[in-house]
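Add chain B to chain A, keeping to what the hints say.
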Amino acid sequence: MFSKKFFAISMLAVLLIAIAACGGPPPTPQTITVIETVEVIQTVEVVKEVEGETITVIETVEVVVEKEVEKIIEVDSENPDAGRVRLDTHITSEPPSLDPSLATDTTSSFFIDQMFMGLTAFDEKANVIPSLATDWEVSEDGLVWTFNMRDDVQWVHRDPSTGAISTIRPVTAEDVAFGILRTLHPDTASDYAYILYIIAGAEEYNTTDPASEEFADLEVGVEVIDETTIQITVMQPAAYFPSIVGQATTYAQPAETIEQYGDNWTEAGNIVTNGPYTLRDWRHSAEIFIEKNPEWIKADQVQIEIFGGPIIQEASTAMAMYENNELDTMADPGDSPPLPDMDRIKADAQMSKELLIAPRLCTYYYGFVNTKPPFDDPLVRKAFAAAMDRQSIIDFVTKGDQVPAHSFTPPGIFGNVAEDFSIGGFMVEDSYDDQLAQAQEWIAEAGYPNGAGLDVLLMHNTSEAHAQIAQAVQAMWQEAFPEASVNIENQEWAVYLKTLQPDSEDSEKPNIYRSGWCADYPDANNWLNEVFNSMSNSNYAKFNNPEYDALVEEAASVADPETRADLYHQAEQILIQDVTAISPIYYYTFIRLYKPWVSVVINPVGGDPVWLWTVDAEAKAAARGE
Amino acid sequence: MLAYIIRRILWSIPVLLLLTLVIFLLMRSLPGGPFDFVGDKSLPKSVVENLERRHHLDWPLAWQFSSYVLGDDITGGICTGLSFLSGCDIVQSGARFGVSRGLIRGDLGMALKLRGRTVNELVAESFPISLQLGIVSMIIALIIGVPLGVIAALRQNSWVDYSGSFVAVLGLSIPNMVLGPLLIWIFPLTLGMLAISGWGAKPPFFLGVFPNVFDWEFWKHAILPAITLGTAVSASIARLTRASLLQIIREDYIRTARAKGLREQVVVTRHALKNSLIPVITILGPLIIAIVTGSFIVEQIFGIPGMGKHFVTSIGNRDYTVITSVTLIYSLLLVTGNLMVDIVYGWLDPRIRYS
Chain A
1253 MFSKKFFAIS
1263 MLAVLLIAIA
1273 ACGGPPPTPQ
1283 TITVIETVEV
1293 IQTVEVVKEV
1303 EGETITVIET
1313 VEVVVEKEVE
1323 KIIEVDSENP
1333 DAGRVRLDTH
1343 ITSEPPSLDP
1353 SLATDTTSSF
1363 FIDQMFMGLT
1373 AFDEKANVIP
1383 SLATDWEVSE
1393 DGLVWTFNMR
1403 DDVQWVHRDP
1413 STGAISTIRP
1423 VTAEDVAFGI
1433 LRTLHPDTAS
1443 DYAYILYIIA
1453 GAEEYNTTDP
1463 ASEEFADLEV
1473 GVEVIDETTI
1483 QITVMQPAAY
1493 FPSIVGQATT
1503 YAQPAETIEQ
1513 YGDNWTEAGN
1523 IVTNGPYTLR
1533 DWRHSAEIFI
1543 EKNPEWIKAD
1553 QVQIEIFGGP
1563 IIQEASTAMA
1573 MYENNELDTM
1583 ADPGDSPPLP
1593 DMDRIKADAQ
1603 MSKELLIAPR
1613 LCTYYYGFVN
1623 TKPPFDDPLV
1633 RKAFAAAMDR
1643 QSIIDFVTKG
1653 DQVPAHSFTP
1663 PGIFGNVAED
1673 FSIGGFMVED
1683 SYDDQLAQAQ
1693 EWIAEAGYPN
1703 GAGLDVLLMH
1713 NTSEAHAQIA
1723 QAVQAMWQEA
1733 FPEASVNIEN
1743 QEWAVYLKTL
1753 QPDSEDSEKP
1763 NIYRSGWCAD
1773 YPDANNWLNE
1783 VFNSMSNSNY
1793 AKFNNPEYDA
1803 LVEEAASVAD
1813 PETRADLYHQ
1823 AEQILIQDVT
1833 AISPIYYYTF
1843 IRLYKPWVSV
1853 VINPVGGDPV
1863 WLWTVDAEAK
1873 AAARGE
Chain B
122 MLAYIIRRIL
132 WSIPVLLLLT
142 LVIFLLMRSL
152 PGGPFDFVGD
162 KSLPKSVVEN
172 LERRHHLDWP
182 LAWQFSSYVL
192 GDDITGGICT
202 GLSFLSGCDI
212 VQSGARFGVS
222 RGLIRGDLGM
232 ALKLRGRTVN
242 ELVAESFPIS
252 LQLGIVSMII
262 ALIIGVPLGV
272 IAALRQNSWV
282 DYSGSFVAVL
292 GLSIPNMVLG
302 PLLIWIFPLT
312 LGMLAISGWG
322 AKPPFFLGVF
332 PNVFDWEFWK
342 HAILPAITLG
352 TAVSASIARL
362 TRASLLQIIR
372 EDYIRTARAK
382 GLREQVVVTR
392 HALKNSLIPV
402 ITILGPLIIA
412 IVTGSFIVEQ
422 IFGIPGMGKH
432 FVTSIGNRDY
442 TVITSVTLIY
452 SLLLVTGNLM
462 VDIVYGWLDP
472 RIRYS
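Taken in sequence, the protein lines are chains A and B. Here the first sequence stands for residues 1253 to 1878, where the numbers follow the working numbering. Here the second sequence stands for residues 122 to 476, where the numbers follow the working numbering.
In isolation and in its complexed conformation, chain A is listed as follows:
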């Protein structure tokens, strides 16, 4: 009897393995009724008038008739989309929101940019291009912007039960105005509302208690002129304003849908969109798919019909699926290839061809707390900034072909000075030995020869990648200043930001902190003014220079591009070269893998334009053995 039980248990185990070996159900043939128009030859009686007389003639003619035909078609009931062009990607985390007013992260923004249109958009060189707006002009005083919009963009809705995508109504200037005001309404509590504070009355509207009496009387400088014309008044002349209206927070939004569903309006089945794609399926935390919008203005140019995949947080799992041809990309909206795999990818004959490294509008930097001794002395800051071998960090730690940085604003942003090595050139000399000698000279001049008497605390937020860079830099500083003591600490992200906030106590702060900045829109205003203006709350360096403030504020308000570029040049000169408030380390790159059958266009700002991508479906099917 014992053996029987044991036998049963082993049989169960065998059964489990057997289940593992067999596949799914075969496709089932189905009979469906279709209405077809066919040409048939019929004999009919025709009444004709010949020479004034009416006679009846029998004639054989071809007529077109509609007929119901029964057809047996092989329908794969598991996959009714067989045959449609599809790109399989993964998604790195559940998007916190697909609401244009609320999204803040890259994953959400990626999907929003596939489904909605702004007045403007960005091309692959981060230039502002027309989108919903066909053209725009600004009044002579630079305060009133008028945008003329296309009239042929439609709101569409996908019916989840039938899969049919139908148009609702055209997108109008009212929808754009509604979107902007909704972002700014305090009850919406949009994180990125502050980017719109340049619009007249926006800041007051966003910061007034909506229950108060004065709220009803507040006015925001957004005016609908007619169905396709919208006028926006700004606080001060801002040449970069066309890039602001390419931000998701200003996208047109469907008022009636939002009213009907409230916070749930972005769920599949509820959502109404106007972009090249619409939401097909969003199983929270599990998977997201978008589907081509056949009613879109350039739908005939869109090749990929279904785009999406599972939400997988673990990059190495996604990498395994990519190598198994289950995924077509290791790229946004998913993870980049994992760092430990980089050496292998570069050495692999096939995968090295699939690797795509492109500049990204972000800068990784170490900031000095400018008010905390001994880093209140610019010479000490310059010495520490010089004693960093940026190329070695890139070659041995980050491994993504990043570019050593010597300015805060990276190449590709309007107003950057990355070409001018008179600014921050001492950080990126050809020979690191020159940098080292210069650093030692400066530190001696500052009164700390060989770093004697320096006790430095470097802090980063908890992460393996940041820790590796910090350890490399610590070793470089120890080599440059042998008598200094350099310690590393890390804090969990939320705690870290609390420590760094400009109004926290200096005694709590480290001497040097790690940070990074990525472009919200491709203009130096988003960098030099919004980060290091003395009023900014991202100014963790507590850098306070009235001359600098004046420069960046002037640059924000003048219209002439050359004047602006010159002002930003002067600002970088102060920030990096003269007082070295921070030490830029590298400009980021995108590190991505795309299968050879996928061809892509990458946008450095906002989500990539999937509607311009193509998939060679045959090559893909062949690789998958289908």
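Simulated from the structure, these hints should not be mistaken for laboratory data. We treat Cβ as the ideally placed atom computed from N, Cα and C, and that holds for glycine. Take the hints with a grain of salt, since some may be wrong.
To be verified - Short, incomplete list of chain A residues facing chain B, as computed with Cβ under 8 Å: (1) Asn1458; (2) Thr1459; (3) Met1573; (4) Glu1578; (5) Thr1623; (6) Pro1626; (7) Leu1749; (8) Asn1789.
Said to hold, decoys possible - Under the rule of at most 20 Å between Cα atoms (straight-line distance), these lysine to aspartate or glutamate pairs were calculated in the DMTMM-like manner: (9) Lys1624(A) - Asp1830(A); (10) Lys1624(A) - Glu1757(A); (11) Lys166(B) - Glu1455(A); (12) Lys166(B) - Asp1461(A); (13) Lys166(B) - Glu1456(A).
Unchecked claim - Residues of chain A placed beyond 12 Å of chain B at every Cβ, according to the derived structure: (14) Pro1348; (15) Asp1357; (16) Gly1394; (17) Asp1515; (18) Pro1562; (19) Asp1595; (20) Ala1601; (21) Val1783; (22) Ala1874.
For chain B alone, kept in the frame of chain A given last:
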């Protein structure tokens, strides 16, 4: 017995409430709040204020807790009744948003970082999946663990026993994050069978929990993570079974059975095995809870949309409502599990009586 169960259930209510309070206070004592940052950037004060007002984080702590447990309307009602108390005006001006109907009405509140989603939704979509994974892991652990333990005990000190112990120690000491990728490499990548990631069962589930077990998709996705999660447990079960059977087999009544001339097989299966499984069965409750609550890493590796992720990420996000609610659910599970074990214990071993 019934009176005992009822008393235990009643007792668990203040325990859970106290626990909620402790988590609530602990989370708020951490520096930094849910809205201090988005991604890599910190937010202006005015924007943070809008967000905090929306989620009632501008209320005094006591009101926030009351709102979480009793609901906004009751909290607001107390306020108007005792209008001399400070904080009353804050409650009234913020009452435009119904954030929570309160724990007592089964509302776990709104998630702070996932906009527009309720914690009830998060739990409803992720908890059944964690539970399914846990149950399948447990079944696999039993299928492997019990026979392994029995064989090892019957062939004590033979090579079977030693290699069984070796496998058990190995199973206990290989961490999930090694075993998971190893299994992925062996099965889907090398042999081309089973799925790398995802979960094969989609809601709605039978009775809210059970997937369609006749659907191949379910097993295709469930087997590897369940083995990863179940291996360590099967090792503990094997060791426990072995130790327990070894002890039983030396008891007097076994010697009597043998003296009666019963065949060895009958002695083992009829008399020894049943009794030796008592300790194993009683630890099943705590074990399955340990599996369900400890599935974070396995869910991560296999891309399974379970609840472990919410449990871990909500701490870093300072998502107060999510972390409080998820902890509460895990505690509820633990309390229920322990109660079940006590009941089963009394049923298995009639000598144990509760009064």
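Worksheet item: Against the structure shown, which of the earlier numbered hints fail to hold, in ascending order?
Response: 5, 6, 14, 15, 17, 18, 21
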